[in-house]
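*Asks:* Please construct the entire structure, taking both the sequences and the accompanying hints into account.
First to last, the protein sequences are chains C and H.
Anchor point for the first sequence: position 66 equals 66 in our numbering, and the numbering is continuous, going up by one each time.
Anchor point for the second sequence: position 28 equals 28 in our numbering, and the numbering is continuous, going up by one each time.
Using 27 Å as the maximum straight-line C-alpha spacing, the simulated DSSO-like pairs for lysine-lysine come out as follows:
(1) C/LYS140 <-> H/LYS39
(2) H/LYS82 <-> H/LYS138
(3) H/LYS39 <-> C/LYS107
(4) H/LYS34 <-> H/LYS138
(5) H/LYS82 <-> H/LYS154
(6) C/LYS124 <-> H/LYS82
(7) H/LYS39 <-> C/LYS145
(8) H/LYS156 <-> C/LYS145
(9) H/LYS138 <-> H/LYS103
Which residues of chain H face chain C? A few of them, derived with a C-beta cut under 8 Å, are:
(10) THR27
(11) PRO41
(12) ASN132
Label pairs and their in silico Cβ distance ranges:
(13) H/ILE166 <-> C/ASP96: 24 to 30 Å
(14) C/LYS59 <-> H/ARG159: 21 to 27 Å
(15) C/LYS103 <-> H/PRO75: 43 to 49 Å
(16) C/GLN109 <-> H/LYS3: 50 to 56 Å
(17) C/LYS56 <-> H/PHE18: 31 to 37 Å
(18) C/LYS151 <-> H/GLU68: 20 to 26 Å
(19) C/ASP96 <-> H/ARG72: 37 to 43 Å
(20) C/LEU27 <-> H/VAL87: 51 to 57 Å
Don't read these hints as lab results, they were simulated from the structure.
Ideal Cβ placement from N, Cα and C applies to all residues, glycine included.
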Amino acid sequence: MSKFRKKRGKTVPAISTASLPDIIFILLFFFMVVTVLKNSDLKIDVVVPDATELQKLEKKSLVSYLYIGTPKERYRDKFGSAPRLQLNDAFATVDDIPLFLEKEKLKIQEQLQPLMTASLRVDKEVTMGIVQDVKTKLRKTGQLKVNYSAKPRSKDL
Amino acid sequence: MPKERPEINASSMADIAFLLLIFFLVTTTIDVDKGITVKLPPWSDEPPETQKLKTRNVYSVLVNANDELLVRGEPMMVRDLKENAKVFIINPQRLENMSESPKNAIISLKNDRGTSYGSYLAVYNELKAAYNEIWDEKAQELHGSTYEDLPFDKKKELRGNIPLVISEAEPTDFGD
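*Replies:* Okay, here's the thing in structure tokens:
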């Protein structure tokens, strides 16, 4: 009998899990803060080029995104494989840009509207033709602040 | 005397928090949005006035439909572009065929419609890098700090003395 009693005395006390929710909450808050909800479903493949002279886009709310790339595999039948422009969730043409920008502008406060930046997320394989058309349209619309989206790369080529 | 209330069981709190945590984990895209910021020139319907520029002040860069680089009529590799542009802008030896002063230097960038965006941006990046390095060197020389650390007005003054002028001509229609 005494054999059993001895063993029981040595059992390790259960680890208190009372602080577990707090730890999880800290993690949760971290992810909540850094999260950017994916705002549009891309129908095109976009692999942005690399560059070194990058600037961060500070205010996310002041940025409108224009995507240019080749349509994804499942849209090829319908839209072909020529590079296309995508605004929000749909394929668009260059002529849709002014309306798109106007809608984006309405989302932000009036005094901040001149600070709006158009971020061009363009696939690196795309030819400059369509990019040029978009740029020309942006100039005509008066949206002159443009950011060519790119990934950081180390200094040497 | 108040009724004795049973304590609320908080053991499911962790589960709820986990659920939320997993949701945010899945939806998170920690992608910092970075890129090269440019200011496009405003559009005008009239063709721009043809300014008489001295050839020595113009650094013409052409990226053709085969993604080949031509700088002032000479083929060049992209990796040599930055150093070459820096020499052109500063012109340390006061050569006759390079810019009179950094203030007068103008970079003219031209591409075809068939140029790939990747190589266009690589070239643009190098040109911008050239200016960033010049600004950095000047800032070290004048104020003893990097360009990034200068106060706003000093930055502006520096940029005024060595302005970044990249003029982009309408592309030619090759290879679209």
